[in-house]
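Novice: Below, each chain spelled out in residue letters.
Protein chains: 2
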Amino acid sequence: MQEVQIGIIGFGTVGAGVAEALLKNGGLIAKRTGFLPVLKKIADIDVTRDRGVALPKGILTTDYKEITDSDEIQIVVELVGGKTFAKDVILRALRNGKSVVTANKALLAAYGKELFAVAAENGADIGFEASVGGGIPCIKAIREGLVCNHVKSILGILNGTCNYILTKMEKEHAAFEDVLRAAQANGYAEANPALDVDGFDTAHKAAVLGSLVFGRWFTSEDFQVEGIRNVTTMDIESAGAMGYKIKLLAILKEHEGKVQIGVHPALVPAHSLLGSVNDVYNAVWVDADVVGKTMYYGRGAGRQATASAVVADITDIGLNLVNRCARRIPAFPQYDDYMEMASEDSYNGRFYIRLQVKDIPGVMSAVTGILARHDISLASVNQKESEEDDNVSMILLTHRANEGRLHAAIQEIAKLPEILSSPVVFHIEDAV
Amino acid sequence: MQEVQIGIIGFGTVGAGVAEALLKNGGLIAKRTGFLPVLKKIADIDVTRDRGVALPKGILTTDYKEITDSDEIQIVVELVGGKTFAKDVILRALRNGKSVVTANKALLAAYGKELFAVAAENGADIGFEASVGGGIPCIKAIREGLVCNHVKSILGILNGTCNYILTKMEKEHAAFEDVLRAAQANGYAEANPALDVDGFDTAHKAAVLGSLVFGRWFTSEDFQVEGIRNVTTMDIESAGAMGYKIKLLAILKEHEGKVQIGVHPALVPAHSLLGSVNDVYNAVWVDADVVGKTMYYGRGAGRQATASAVVADITDIGLNLVNRCARRIPAFPQYDDYMEMASEDSYNGRFYIRLQVKDIPGVMSAVTGILARHDISLASVNQKESEEDDNVSMILLTHRANEGRLHAAIQEIAKLPEILSSPVVFHIEDAV
Numbered sequence: 059m060q061e062v063q064i065g066i067i068g069f070g071t072v073g074a075g076v077a078e079a080l081l082k083n084g085g086l087i088a089k090r091t092g093f094l095p096v097l098k099k100i101a102d103i104d105v106t107r108d109r110g111v112a113l114p115k116g117i118l119t120t121d122y123k124e125i126t127d128s129d130e131i132q133i134v135v136e137l138v139g140g141k142t143f144a145k146d147v148i149l150r151a152l153r154n155g156k157s158v159v160t161a162n163k164a165l166l167a168a169y170g171k172e173l174f175a176v177a178a179e180n181g182a183d184i185g186f187e188a189s190v191g192g193g194i195p196c197i198k199a200i201r202e203g204l205v206c207n208h209v210k211s212i213l214g215i216l217n218g219t220c221n222y223i224l225t226k227m228e229k230e231h232a233a234f235e236d237v238l239r240a241a242q243a244n245g246y247a248e249a250n251p252a253l254d255v256d257g258f259d260t261a262h263k264a265a266v267l268g269s270l271v272f273g274r275w276f277t278s279e280d281f282q283v284e285g286i287r288n289v290t291t292m293d294i295e296s297a298g299a300m301g302y303k304i305k306l307l308a309i310l311k312e313h314e315g316k317v318q319i320g321v322h323p324a325l326v327p328a329h330s331l332l333g334s335v336n337d338v339y340n341a342v343w344v345d346a347d348v349v350g351k352t353m354y355y356g357r358g359a360g361r362q363a364t365a366s367a368v369v370a371d372i373t374d375i376g377l378n379l380v381n382r383c384a385r386r387i388p389a390f391p392q393y394d395d396y397m398e399m400a401s402e403d404s405y406n407g408r409f410y411i412r413l414q415v416k417d418i419p420g421v422m423s424a425v426t427g428i429l430a431r432h433d434i435s436l437a438s439v440n441q442k443e444s445e446e447d448d449n450v451s452m453i454l455l456t457h458r459a460n461e462g463r464l465h466a467a468i469q470e471i472a473k474l475p476e477i478l479s480s481p482v483v484f485h486i487e488d489a490v
Numbered sequence: 059m060q061e062v063q064i065g066i067i068g069f070g071t072v073g074a075g076v077a078e079a080l081l082k083n084g085g086l087i088a089k090r091t092g093f094l095p096v097l098k099k100i101a102d103i104d105v106t107r108d109r110g111v112a113l114p115k116g117i118l119t120t121d122y123k124e125i126t127d128s129d130e131i132q133i134v135v136e137l138v139g140g141k142t143f144a145k146d147v148i149l150r151a152l153r154n155g156k157s158v159v160t161a162n163k164a165l166l167a168a169y170g171k172e173l174f175a176v177a178a179e180n181g182a183d184i185g186f187e188a189s190v191g192g193g194i195p196c197i198k199a200i201r202e203g204l205v206c207n208h209v210k211s212i213l214g215i216l217n218g219t220c221n222y223i224l225t226k227m228e229k230e231h232a233a234f235e236d237v238l239r240a241a242q243a244n245g246y247a248e249a250n251p252a253l254d255v256d257g258f259d260t261a262h263k264a265a266v267l268g269s270l271v272f273g274r275w276f277t278s279e280d281f282q283v284e285g286i287r288n289v290t291t292m293d294i295e296s297a298g299a300m301g302y303k304i305k306l307l308a309i310l311k312e313h314e315g316k317v318q319i320g321v322h323p324a325l326v327p328a329h330s331l332l333g334s335v336n337d338v339y340n341a342v343w344v345d346a347d348v349v350g351k352t353m354y355y356g357r358g359a360g361r362q363a364t365a366s367a368v369v370a371d372i373t374d375i376g377l378n379l380v381n382r383c384a385r386r387i388p389a390f391p392q393y394d395d396y397m398e399m400a401s402e403d404s405y406n407g408r409f410y411i412r413l414q415v416k417d418i419p420g421v422m423s424a425v426t427g428i429l430a431r432h433d434i435s436l437a438s439v440n441q442k443e444s445e446e447d448d449n450v451s452m453i454l455l456t457h458r459a460n461e462g463r464l465h466a467a468i469q470e471i472a473k474l475p476e477i478l479s480s481p482v483v484f485h486i487e488d489a490v
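For the record, the sequence lines run as chains A and B. Sequential numbering of the first sequence, starting at 59, is according to the numbering used here. Sequential numbering of the second sequence, starting at 59, is according to the numbering used here.
There may be inaccurate statements among the hints.
Any copy will do: because identical chains look the same in the list, a pair fits if it lies in one copy or spans two.
[Said to hold, decoys possible] Calculated cross-link-like contacts (lysine-lysine; reagent style DSS-like; alpha-carbon spacing at most 25 Å): (1) K123 <-> K141; (2) K115 <-> K316; (3) K89 <-> K210; (4) K316 <-> K89; (5) K82 <-> K442; (6) K226 <-> K351; (7) K442 <-> K311; (8) K442 <-> K316; (9) K82 <-> K210; (10) K115 <-> K82; (11) K123 <-> K442; (12) K115 <-> K210; (13) K442 <-> K226.
Think of the hints as simulated: they come from the structure by calculation, not from any bench. Treat the numbers as computed from the prediction; the structure is a model and nothing was measured.
When you get a sec, could you build the whole thing from the sequences and use the hints?
Specialist: Structure (structure tokens):
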């Protein structure tokens, strides 16, 4: 039986899961593939804390160079996170001719172009299945399973923390801040939740997906990113009454050679598949020109689920090594006909608008008048009384409208003296 | 640019879709993979009918041996269907050293073991993504994406015709026969619908999935197969009132080294993801030991969707050819520790029972008494009046019960003089 030697750098939650999966199911992988992945070394600054994995002796080290510079180790698994040390580790491993597996979406979104260029120079593979959708094999499904398809759009629920918070807000009629605090207490949200709830983590994943399907590199700097802090229980309940759920979506669309990518809270039909994705689960919904609509669903994070994707990459690269076909599938090929980013005002879609207004005659007329002048027609208008006396919420759903015109109208509406706080606008995605 | 020459045998619906996809998006595949798949020949007995694809001159032939015996063609795509000529074509191609792509689940379910052995002898690959789930890349996702997982269970909605009929029955409150007739009229069902509605097509796909994940060959002869002819609008409405939908499921489960595979109409929670899969769409829900629950969704049939999966296989095998790594992933490896089939009476689950009974005192007591004696406890009992006078339907939902004991009880109940027609039993799958 051929063996492939593996080194893991970073023995945190996911690192422990990967070690456990390799030790538990390495024999199964060998039966299925003909080679045995062997866990040779794990490097971490802390080699004493118990991670609940019974490791063979001599595996732990504090010196990551025992992995990146090893003569025996062929695949280096980077699970330290962050964009500085992790980048150094990966570059060093690649330059030593090792292939790399990483779950580090922040790093790929920022430095993917550079990292994959160094991999190419050194004849090495980089596996990144675990960087998007946790355990869901969505990178493989999209890159290989849909290889003959132009992707028209992707809608992704890609952050388990946000989906957990939105699900809890809906089911328990609880405010964002209260649910976030509870999620932090039980480990579903970080002490500093900005990466998740402000949409940046979803944006990193959107950058990876966009770069994968559209034939050029995108970074998360290239597009609009909104998180879920503006979503209120009233929004969730208003959406629910109209047959929608609110999800934080990575939205990627291609139209006539122009690409639009963004991260936005969005209304999706409650009984659609995306609307049925709850709690910490993730889903990637793809509409493509040959296959039509497909969706991939599973746990978006967590020790075991993420480990499943990391070990799938280890196995894929191991098969390349034992079959002497490294870089069998080119990573992030750049096409001749690079896609351009569409300008914001070229996007057409439907929108949900919430306005906090003074309850005096003429407000509705002023608001709808401004929208009409900007060519925004309305599908529904609801006014909800607040507990405070002269304060009402106005919920508007537009028909298909141009986003540039909508924003111009919203800016004008925001200046009306009757408007009490910044207007809130969410996308509506009906096609799922 | 390297080229790989492709021949298609069978220019029907899917054959035309594959030709179209290769001609339209072959250049895209080349950009993504570095090789160009070239459509060299298409063989069919009918080379005159217009399939709506503009083919280059000289591609069509009536002689399939121009493909199987060609010196240039490296990948043979079998799309003739059936189990006789299709088998001969595939064997001839394999023995000539060609790799093969097929969507033929009936053939794989019957002769997979033989075909893959011949492929191994000849160093050839067989791609079969399109045999299960149409365009959904579920074979790739499960085989490669979940490679480090023991699969605990699979629940599959794998037949678009059945799912279309069940969806229509629910939405239009229409009887099975009426919906079937309409489906035949608009092309969603075959003139002879037995393969679909009696569950055999689903069973072929279950045999392929079972053989893939459990390390031994299964044929659809190995397990129980029920279709949807016994599903009535009353069943659908009763299930709906209790929060369930009825789907035809391929059910594959492993427990302590024993495997249970069957095809059954089953109740799934209405708001679950599987319950949200409607019309001709398919879905494969998988529970596995490392990744947990994942699901794969898309069009289960049709010219374009199936073509997407066939071309994905062509691309995968093409990448093996240009990288000189044929058979990079062993097909259907047989493990040392073959899984055994579990006996029917070892299965435990929940069940839906419908009895047609005379509306006279004491029937309920007789029925529930028999169930109690067989250790079957009930979660709910509903009695529904029929339009006919002395005839009622009794709908029983069991708690978790042993299937062997359930069948013994049902046999006893069927003999009661008050029972007017054969009892109907469906599975309940709550865990999705």
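Novice: So, for every hint listed, does it hold in this structure?
Specialist: Quick rundown of the hints versus the structure:
1. For a Cα distance limit of 25 Å, the shortest separation of K123 from K141 inside one copy, 18 Å, qualifies, whereas the shortest one across copies, 57 Å, does not.
2. Taking the shortest Cα distances, K115 and K316 never come within 25 Å of each other, neither inside one copy (54 Å) nor across copies (34 Å).
3. When the C-alpha separation of K89 and K210 is checked against a cutoff of 25 Å, the pair qualifies only between copies, where the shortest distance is 17 Å, while the shortest distance within a copy is 38 Å.
4. Taking the closest pair of Cα atoms, K316 and K89 come within 25 Å of each other only across two copies (18 Å); inside a single copy the shortest separation is 46 Å, beyond that limit.
5. With identical chains, the CA atoms of K82 and K442 are never at most 25 Å apart, being 56 Å at best within one copy and 52 Å at best between copies.
6. Proximity of K226 to K351 under the C-alpha cut-off of 25 Å is restricted to the inter-copy arrangement: shortest distance 20 Å between copies versus 28 Å within a copy.
7. Taking identical chains as interchangeable, the C-alpha atoms of K442 and K311 are never at most 25 Å apart, the minima being 34 Å within one chain and 50 Å between chains.
8. Proximity of K442 to K316 under the C-alpha cut-off of 25 Å is found in neither arrangement, the shortest distances being 39 Å within a copy and 58 Å between copies.
9. For the homomeric pair K82 and K210, the shortest alpha-carbon distance between copies (15 Å) is at most 25 Å, but the shortest distance inside one copy (40 Å) is not.
10. When the C-alpha separation of K115 and K82 is checked against a cutoff of 25 Å, the pair qualifies only within one copy, where the shortest distance is 16 Å, while the shortest distance between copies is 56 Å.
11. For the identical chains of this complex, K123 and K442 are neighbours neither inside a copy (62 Å) nor across copies (73 Å), given an alpha-carbon limit of 25 Å.
12. Taking the shortest alpha-carbon separations for K115 and K210, neither the intra-copy value of 51 Å nor the inter-copy value of 31 Å comes in at or below 25 Å.
13. In this assembly of identical chains, K442 and K226 lie within 25 Å of each other by CA distance solely inside one copy; the values are 23 Å within and 38 Å between copies.
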